[in-house]
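**Student:** Given these sequences and hints, build the entire structure.
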Amino acid sequence: MAGDPKITRLLEHPAIWRGRSAARRAGLSTGFAALDEHLPDKGWPRTGLIEILVSRFGSGELALLVPALAALTRAATARWCVWVAPPLVPFAPALASCGVVLDRVAVVGGARPLWAFEQTLGSGACDAVLGWVRQPKPRDIRRLQLAAERGRTLGVLFRPRRAARTASNAVLRLSVEPLATGVRLTLIKGRSAWRGALDLPWPGS
Amino acid sequence: MRRQLIRSAASTADLPSAARTGSAPAEVSLRSVRRTAHAAPIHELWAGLHLNGLEPAQGLEQLATLAQRFTPRVSLAPPDGLLLEVAGSLHLFGGVEGLRHELSGECLRFQLRPVLAFAPTPLAALTAARAGEALVITDHALLVGRLAPLPIGALRWPEETRARLARAGVRTIGAVLRLPRAGFARRFGVAQLAMLDALTGRSRDVRATHRAPVRFRRRHELDCEVSDHDRLLAACAPLFDALGVFLTAHQRGVVELECRLVHRNAPPTGCVLTLAAPCAGGPQLSALFGERLHVLQLPEPVRAFELRADQLMPLRSLCRGLWQPGEHGGEAGEESEGLVDRLRARLGPEAVHGLALRAEHRPEFAWAVTRPPAVAPRSAALGVHGTALDEAALPTRPLWLLPTPQPLAAQDGLPRRRGPLRLMSEPERIETGWWDGGEVARDYYTAVDRHGVRLWVFRERTAPHRWFLHGVFG
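Residue numbers (my numbering), protein chains in the order written: chain S, 1 to 205; chain W, 206 to 679.
Don't take each hint at face value.
[Claimed, not checked] What follows is a list of derived Cβ distance ranges for each label pair:
1. W:E461 / S:K42: 44 to 50 Å
2. S:P203 / W:E565: 24 to 30 Å
3. S:A167 / W:R508: 35 to 41 Å
4. S:P5 / W:R623: 27 to 33 Å
5. W:G293 / S:R150: 42 to 48 Å
6. W:D428 / S:R150: 34 to 40 Å
7. W:P625 / S:P203: 25 to 31 Å
8. S:A26 / W:C429: 54 to 60 Å
9. S:R150 / W:R627: 42 to 48 Å
10. W:P554 / S:L11: 53 to 59 Å
11. W:G293 / S:A15: 55 to 61 Å
12. S:R150 / W:E426: 47 to 53 Å
13. S:R134 / W:D515: 37 to 43 Å
14. W:A579 / S:A15: 46 to 52 Å
No lab work stands behind these hints: they were computed from the structure.
Backbone N, C-alpha and C fix where the C-beta goes; we use that ideal spot for every residue, glycine too.
**Tutor:** Structural data, given as structure tokens:
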């Protein structure tokens with residue numbers, strides 16, 4: 001439809017107001033200019049579930065998110081940034097040195113990570129929720145995505161690389177592989193013209 | 206001159222209060238205000254309730270507790286009367302008629318239809334109500350005149366006194382008040398005269414304010430034994446409602462609520478709900494209990510349910526923002542407390558925690574678990590260098606720490622983890638801790654494994670020189 005020049009011309013008429021363009025919110029800057037250029041909203045979406053797929057734990061997936069978390073926790077009306085069932089201890093001195101304000105960070109442990117993830121996403125109390133959930137079903141991911149929209153929260157789900165083969169309701173799916181001085185990102189799903197891989201060097205390396 | 210000024214200021218200051226409380230005649234002359242101000246220096250308006258058919262067992266106290274919603278000064282007049290001093294709070298409930306409507310509504314919950322009278326003295330209000338007259342007397346000057354037609358029986362004097370008065374042809378309060386004071390005291394007793402003075406406001410009638418118990422303990426017997434969780438929750442709901450009413454009346458909230466489920470043979474199942482902030486909402490507590498109930502194992506069906514809240518905290522009044530949390534920078538203080546409560550109810554009290562820094566060089570002691578952070582509003586966004594920590598001053602640290610260092614295999618003095626590790630950095634030495642017995646002597650390195658994952662490893666400086674994995678850079 002968008003390709004039809006007549007309709008395109010018609011839609012340019014000033015009397016036609018299109019909600020989509022007004023409702024579009026600026027994304028949350030990732031802190032990496034090269035990555036911002038490639039992402040659909042010029043950054044992470046502020047609402048919705050994204051998936052980060054890694055071949056191995058510790059491939060650089062957290063370092064990719066930390067600048068955005070630092071910006072979120074420093075805002076005047078910052079809500080929480082919650083870590084649901086992290087596999088190791090988030091090391092507070094490292095987070096603080098990256099600029100994350102610790103009095104907006106909470107960690108949720110316990111036996112039911114999926115339930116806790118959904119509750120936290122849907123509560124409206126959080127700006128961002130990072131979750132490590134073991135083998136979520138497609139139905140679970142759909143629920144998480146709905147909860148993230150309800151709570152106006154950015155949800156980040158970390159999954160192993162092999163999950164790329166299954167379909168998912170997440171608004172953005174990225175695969176992360178470690179490089180010698182950075183990471184290689186591949187977009188698996190997302191409203192973006194970006195195809196192929198992006199090599200992102202760490203700042204200062 | 207100065208004294209005159211002060212007096213006129215005082216008398217005009219009384220004027221608006223008299224006009225405000227009276228929904229009735231506004232033609233209050235300055236002189237009458239001055240006179241009433243001398244007669245009853247404290248302006249009061251009492252609501253007297255006469256409750257017909259009240260069950261004696263603690264019904265009055267329960268109703269008094271409910272009535273504390275309208276004013277803090279509620280007095281019991283056993284066996285069937287209740288007094289509320291409402292001069293200060295009348296305008297909040299839409300005047301006399303509004304308050305009458307709301308009070309009657311509260312009484313209807315107990316299947317009671319009270320007679321409600323308003324008067325400047327407590328005894329006058331109570332007497333009018335007991336006489337069955339719903340009088341509204343807001344002006345002290347009119348008090349005696351309006352009380353005069355009421356029968357003496359409403360004063361509840363002893364039968365003998367009433368009989369003697371009746372023989373003398375005295376049947377109304379007006380007639381009693383016309384009797385000579387000295388003779389009345391001699392014949393009928395000083396106590397009765399004091400009562401008349403209290404009735405007309407000649408002497409001050411100080412009433413003890415009802416103090417509801419500041420702890421909540423109540424038991425609810427279920428109609429039948431219940432083992433189904435949802436039905437149990439529905440059956441317990443009235444008790445949570447009662448708790449909510451109790452807490453609102455006291456302006457208190459619970460932070461710890463003990464729930465006990467009583468069985469036929471097995472010992473009672475108990476669970477304690479711990480809340481992040483004082484909570485006074487019955488439905489909210491009921492929902493939390495529901496979350497908790499889902500993970501409870503019940504040995505037998507439940508026969509009765511008990512709620513105990515011994516520790517009540519003053520309730521913080523809340524300002525609600527215009528925006529929803531997350532919209533245009535809306536705050537999320539309430540939501541985060543609710544979230545913490547829900548997570549704790551289902552996952553246990555240890556499930557949610559915050560992170561804090563500690564001034565310590567050993568990595569495992571450099572952080573601490575804290576209570577979940579309270580989301581206090583900030584005046585402005587923090588700058589990039591808002592915290593006390595200078596980013597450049599800190600050495601590189603991994604984002605993930607292993608709870609305890611994990612031993613690594615070694616080959617030719619170099620560590621291995623699913624293949625050889627390449628050491629990428631100069632060693633960083635972290636040593637000593639003799640003061641608490643946790644002495645360490647380590648050389649930390651950044652290492653990269655076969656797959657490119659960056660790790661934080663250390664080598665002990667003491668004898669076996671073992672290698673350990675302590676963090677992942679993530």
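**Student:** For every hint, state whether the structure bears it out.
**Tutor:** Hints versus structure:
no.: 1; hint: W:E461 / S:K42: 44 to 50 Å; verdict: 48 Å, holds
no.: 2; hint: S:P203 / W:E565: 24 to 30 Å; verdict: 28 Å, holds
no.: 3; hint: S:A167 / W:R508: 35 to 41 Å; verdict: 50 Å, violated
no.: 4; hint: S:P5 / W:R623: 27 to 33 Å; verdict: 58 Å, violated
no.: 5; hint: W:G293 / S:R150: 42 to 48 Å; verdict: 43 Å, holds
no.: 6; hint: W:D428 / S:R150: 34 to 40 Å; verdict: 37 Å, holds
no.: 7; hint: W:P625 / S:P203: 25 to 31 Å; verdict: 28 Å, holds
no.: 8; hint: S:A26 / W:C429: 54 to 60 Å; verdict: 59 Å, holds
no.: 9; hint: S:R150 / W:R627: 42 to 48 Å; verdict: 46 Å, holds
no.: 10; hint: W:P554 / S:L11: 53 to 59 Å; verdict: 56 Å, holds
no.: 11; hint: W:G293 / S:A15: 55 to 61 Å; verdict: 59 Å, holds
no.: 12; hint: S:R150 / W:E426: 47 to 53 Å; verdict: 39 Å, violated
no.: 13; hint: S:R134 / W:D515: 37 to 43 Å; verdict: 41 Å, holds
no.: 14; hint: W:A579 / S:A15: 46 to 52 Å; verdict: 50 Å, holds
Checked against the numbered hints above, the structure violates hints 3, 4, 12; every other hint is satisfied.
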